[in-house]
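K.L.:
Assemble the whole structure, with the sequences as input and the hints as a guide.
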Amino acid sequence: MDLIDFARGPALQWSLALFIFGIAWRLIGVLLLHRKVDHSLPRHQDTTMGGVRLIFSRMWPKPEFRQSNAVHYALSYTFHIGLFIVIFLFRPHMLFIRDLTGLSWPTLPSGFVYVIGAMTLATLVAMLVRRMSHPVLKMISNFDDYFSWAVTALPVATGLLAVSHLGARYETLLALHILSVCLLLVWFPFGKLMHATLFVISRGTTGALFERKGAST
Amino acid sequence: MRDKTVLELLQARGVSRRGFLKFCATTASLLALPPSAAAAIAETLGKTRRPSVIWLSFQECTGCTESLTRAHLPTIESLIFDAISLDYHHTLQAASGSAAEAAREEAMKAAWGQYVLVVDGSIPLGEQGYYSAIAGVSNLEMLKETAAGAAAIINMGTCAAYGGIPQANPNPTGAVPVSAIIKDKPIVNVPGCPPIPVVMTSVVAHYLTFGAVPELDHLGRPKSFYGDTIHDRCYRRPFYDQGKFATSFDDEGARNGWCLYQLGCKGPTTYNACATVKWNDGTSFPIQSGHGCIGCSEPNFWDKGSFYQPLSAGIWGDRQATLGTAAVAGAAVGAVAAASTRIRQQHASEEK
Amino acid sequence: MSEIVDNNPLDLTGTRISVQKPEVRYDVQGEMPDEERVRIAMRSFVKDFGAHSAIYMESCIHCGMCAEACHYYVQTGDPKYTPIWKLELFKQAYKREAGPFAFVYRLFDLKSAVTAQQLQQWQELIYDSCTMCGRCTMICPMGIDIAALVSQARHAMFEAGLVPHELWAVAERAEREGSPLGATASTFADRCEWMADEHEVEVPVDKERADVLVTISSIEIMKYPNTIADFAKVLNHMGVDWTFRTDGYEATNFGLLSGNAAWQKDMSMKMIKAAIACGAKTLILPECGHAYGALRWQGANLYGKPLPFEVLHISEYLARGIKEGKIRLRQWPESVTFHDPCQVSRRGGATAAPREVMRALGVKLTEMGEPGLNWCCGGGGGVVTIHRADELRYKTFELKMKQVEATKAEHLVSSCSNCRQTFDDGQAHFQWDKTMESLLEIVAANLINT
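From first to last, the protein sequence lines stand for chains Y, G and S.
Its first residue numbered 393, the first sequence is counted upward by one per residue in this note's numbering.
Its first residue numbered 373, the second sequence is counted upward by one per residue in this note's numbering.
Its first residue numbered 10, the third sequence is counted upward by one per residue in this note's numbering.
Careful: at least some of the hints might be erroneous.
Restricting the straight-line Cα-Cα distance to at most 27 Å, the calculated cross-link-like pairs of lysine-lysine (DSS-like) are [unchecked claim]:
#, chain 1, residue 1, chain 2, residue 2
1, Y, Lys-454, S, Lys-89
2, Y, Lys-428, S, Lys-279
3, G, Lys-557, G, Lys-516
4, S, Lys-373, S, Lys-335
5, S, Lys-404, S, Lys-417
6, Y, Lys-428, S, Lys-274
7, G, Lys-557, G, Lys-481
8, Y, Lys-530, S, Lys-89
9, S, Lys-104, Y, Lys-530
10, G, Lys-595, G, Lys-394
11, Y, Lys-454, S, Lys-417
12, G, Lys-650, G, Lys-616
13, Y, Lys-454, S, Lys-314
14, S, Lys-100, Y, Lys-428
15, S, Lys-279, Y, Lys-530
16, Y, Lys-454, Y, Lys-530
17, S, Lys-335, S, Lys-290
18, S, Lys-373, Y, Lys-454
19, S, Lys-404, S, Lys-89
20, S, Lys-314, Y, Lys-428
21, S, Lys-104, Y, Lys-428
22, Y, Lys-454, S, Lys-404
23, S, Lys-314, S, Lys-282
24, S, Lys-100, Y, Lys-530
25, S, Lys-314, S, Lys-274
26, S, Lys-279, S, Lys-290
27, S, Lys-411, S, Lys-443
28, S, Lys-282, Y, Lys-428
29, S, Lys-89, S, Lys-411
30, S, Lys-290, Y, Lys-428
Just a few of them, taken from the derived set where beta-carbon distance is under 7 Å, the chain S residues facing chain G [said to hold, decoys possible]:
#, residue
31, Arg-52
32, Lys-56
33, Pro-109
Covered by chain G, per the in silico footprint, the following chain Y stretches (three or more residues, Cβ under 8 Å) [as the list claims (entries may be wrong)]:
#, stretch
34, 402–409
35, 554–566
I should point out that these hints are in silico values taken from the structure, not numbers from a laboratory.
Note that beta-carbon positions come from the ideal geometry of N, C-alpha and C, so glycine has one too.
P.N.:
Here it is, written out as structure tokens:
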């Protein structure tokens, strides 16, 4: 079995299994912790809607906070949108997900996605530089932050290398690209990348709790 | 006949000197050699005596031979092929039975150490090699015997080069490629199912001219033919870059000749000259006729998932069972973790 | 510990109310070995860890944006004031003890244990430099309620005996005397009598039965006693059957602020019992921020079932009275900006009520940004009592002054007596020309009595 067959075959299958295993472990492990009944008289009853509202509303920063975190917001939006485009709007990637889930959707021209990919990688580098130099980020960062950065940046970098045939033969680069995705999948549930699922629960929780109180969200 | 030069043999078959030179020039360019090499090839082939070639067919389907001999119109490649052939080729030769085997032994003796051995088909190792035998001699034995006196070996087709379809999972005969058995001879792989005829003749021409095999890639293939992927040289590549894909074999995209990636084309990971040299005298190649590349010139192409699954799809085993088990196991471990935390919390509260 | 109990005369003369500045600080309580202190802190932090807090602990992505929402970081630029960093030590406890991967952490000893020295250093971050104002919760892209987690961390700190001297002393006095500031039941009764005389208003105390039980903050009793009269004026104007009760008047909850859950419950239960005793249908909380969070949102949970009466902040009660036509007001067309007390408004949800009251007064209101999101006064969460935190608090107060100044409003109004003493103290320190005014006071002064 050559590298690409290993990557497309057992590596993907097992990393996906670990991905699902880890997500289930972490989510269930948290969600099954005890919950106290809140006996206070709710100000608003429809707490579910409050949760849903915050899940969406927190995607956009409050005017109050925009200026002080402008750089951060700019980098984060660019990076997240870039990553979204690269992951979901590149045909081969969509076909990977279609193969897994049966879902399909329109995609963007591959050439355009390459440009976005390069931009995403540049943004990632900028974010790393910022993390290593900003006093707050430097202080609060730990292994997870840097490792998660690396496993996010690697697939983007190897993907760009693969499409530009730089450094090795295409099938080798493609295999490395897939293997880097496997690494990301395996790390995902155990590090902060998990926020891609947790954000819904975490925002939803605060949204629901605060809606109950009518507090600011 | 053995005393005649290649040129003389060609001329006897009605090939003009002009046509011959054109062939030499084409060969030089296909081999990515400088233009001056064309003259060298012409000169060498002009005065070289017809080389002795022994062709062994093992576990194969005769498709490679068909590809080289059954061109719709006789091309100069097929004539060259014809001209250099063939002291032994059990499909093509007139002799049969022990006479045929005698011809092989005679040819080996006559040109010991100088003949070129062409192999198509893989060699079965299962059951002491007796899944396939010719005149009571197993393929394995015959290969070892014949290779011993060969100057070089050319593996025609994916079976001889990489094991091919006989070796595909579950490989009941224990098929292996030539390179798994013969370690001490220069080997050129000309994979493909079947390979492109001109690649074969070009390799022979190169060998005759320079006395050595052409530059090979890490899979033993001549770089000049197998240096680029089908995808990189595909005339449909612009559609890939534009994001225009055929999504079924009879949709508008297919009729417009858009990229076949989504229909499973393996062009991006397949190294061959189909997209540039094409087939049947440059008429067409699979993608041009509307079907994706199946990657036939790559090792294990038969076992790389469906021909109709996009390259980016995984090659899954029992996916649903694995992933389902993973989900259940993860949930169980999570539940145990939560329960154990709750118990610890209970203890902590009671402690004080 | 006894040193703190014995030797802490109240400082009732200053602009803010606390104990007098201690000559020797006792910021560590109880005698126990360091390891024990750490063990207790860590165990206590995770003891009550439920799904909500765990989700928050799991979700942080270390983006650091909360720093920009925190007045301590904004004013000092010191990264240690980054809100989520204040929980760093406790995050480790969570991961080892309660997280989904806890047994893996313990098995491989992945998170190094916290030391007593670290915990002591963290005292400043958990108490001196956090008012639990919850602006960080507003900015967090993951929606993590950091303020709630700090409150949980305070429980751990209290159990480990790591509370700042003054806050511990004040809380202990409150538990022992029923008031953190010496406003004992008899003092309160005296003051009610005094105010009734002074303002010629009837102040019902200890009625057997009443529809409405009014509670008050010790800060008001000791420093802004007119509030007693203001309550009386408004409630009498409304013609309500109401009373103060000496068995349940104190609304501040230093059990909550210091992190002692048992004391917190004791303090809340006094009011709950008093309300039940007099058959009140409504319990009114005074202009006090944390009192609102403590009783309105946590009271029923300490009681163990829904409260048999409703709990309203005075601003909510005023808004309702106005809406029902029970309060008739003169117009007071002044230029005003309103300071939202964090625990009432941002975290308590009573943001609309004071604005409805101000609309009825006809004021010209200029908001300090989005309602419910303004800067904290810097004195909440018990911070105002801590002497060593004064310098830092004044720094953060500059931010608040700037925000108030930017509105160009003439009057600064709020409805929290803790904010009020913080404003008074800051005003004195900076010789600022703005005095915070109480919403209740303004309403009481503008009643149309027929």
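K.L.:
Please go over all the hints and tell whether each is borne out by the structure.
P.N.:
Hints, one by one, checked against the model:
{"no.": "1", "hint": "Y:Lys-454 - S:Lys-89", "result": "24 Å, holds"}
{"no.": "2", "hint": "Y:Lys-428 - S:Lys-279", "result": "23 Å, holds"}
{"no.": "3", "hint": "G:Lys-557 - G:Lys-516", "result": "11 Å, holds"}
{"no.": "4", "hint": "S:Lys-373 - S:Lys-335", "result": "23 Å, holds"}
{"no.": "5", "hint": "S:Lys-404 - S:Lys-417", "result": "21 Å, holds"}
{"no.": "6", "hint": "Y:Lys-428 - S:Lys-274", "result": "16 Å, holds"}
{"no.": "7", "hint": "G:Lys-557 - G:Lys-481", "result": "18 Å, holds"}
{"no.": "8", "hint": "Y:Lys-530 - S:Lys-89", "result": "11 Å, holds"}
{"no.": "9", "hint": "S:Lys-104 - Y:Lys-530", "result": "21 Å, holds"}
{"no.": "10", "hint": "G:Lys-595 - G:Lys-394", "result": "22 Å, holds"}
{"no.": "11", "hint": "Y:Lys-454 - S:Lys-417", "result": "23 Å, holds"}
{"no.": "12", "hint": "G:Lys-650 - G:Lys-616", "result": "23 Å, holds"}
{"no.": "13", "hint": "Y:Lys-454 - S:Lys-314", "result": "37 Å, violated"}
{"no.": "14", "hint": "S:Lys-100 - Y:Lys-428", "result": "21 Å, holds"}
{"no.": "15", "hint": "S:Lys-279 - Y:Lys-530", "result": "47 Å, violated"}
{"no.": "16", "hint": "Y:Lys-454 - Y:Lys-530", "result": "25 Å, holds"}
{"no.": "17", "hint": "S:Lys-335 - S:Lys-290", "result": "17 Å, holds"}
{"no.": "18", "hint": "S:Lys-373 - Y:Lys-454", "result": "25 Å, holds"}
{"no.": "19", "hint": "S:Lys-404 - S:Lys-89", "result": "16 Å, holds"}
{"no.": "20", "hint": "S:Lys-314 - Y:Lys-428", "result": "12 Å, holds"}
{"no.": "21", "hint": "S:Lys-104 - Y:Lys-428", "result": "21 Å, holds"}
{"no.": "22", "hint": "Y:Lys-454 - S:Lys-404", "result": "25 Å, holds"}
{"no.": "23", "hint": "S:Lys-314 - S:Lys-282", "result": "13 Å, holds"}
{"no.": "24", "hint": "S:Lys-100 - Y:Lys-530", "result": "18 Å, holds"}
{"no.": "25", "hint": "S:Lys-314 - S:Lys-274", "result": "14 Å, holds"}
{"no.": "26", "hint": "S:Lys-279 - S:Lys-290", "result": "16 Å, holds"}
{"no.": "27", "hint": "S:Lys-411 - S:Lys-443", "result": "11 Å, holds"}
{"no.": "28", "hint": "S:Lys-282 - Y:Lys-428", "result": "23 Å, holds"}
{"no.": "29", "hint": "S:Lys-89 - S:Lys-411", "result": "24 Å, holds"}
{"no.": "30", "hint": "S:Lys-290 - Y:Lys-428", "result": "26 Å, holds"}
{"no.": "31", "hint": "Arg-52", "result": "5 Å, holds"}
{"no.": "32", "hint": "Lys-56", "result": "5 Å, holds"}
{"no.": "33", "hint": "Pro-109", "result": "5 Å, holds"}
{"no.": "34", "hint": "402–409", "result": "holds (count 6)"}
{"no.": "35", "hint": "554–566", "result": "holds (count 4)"}
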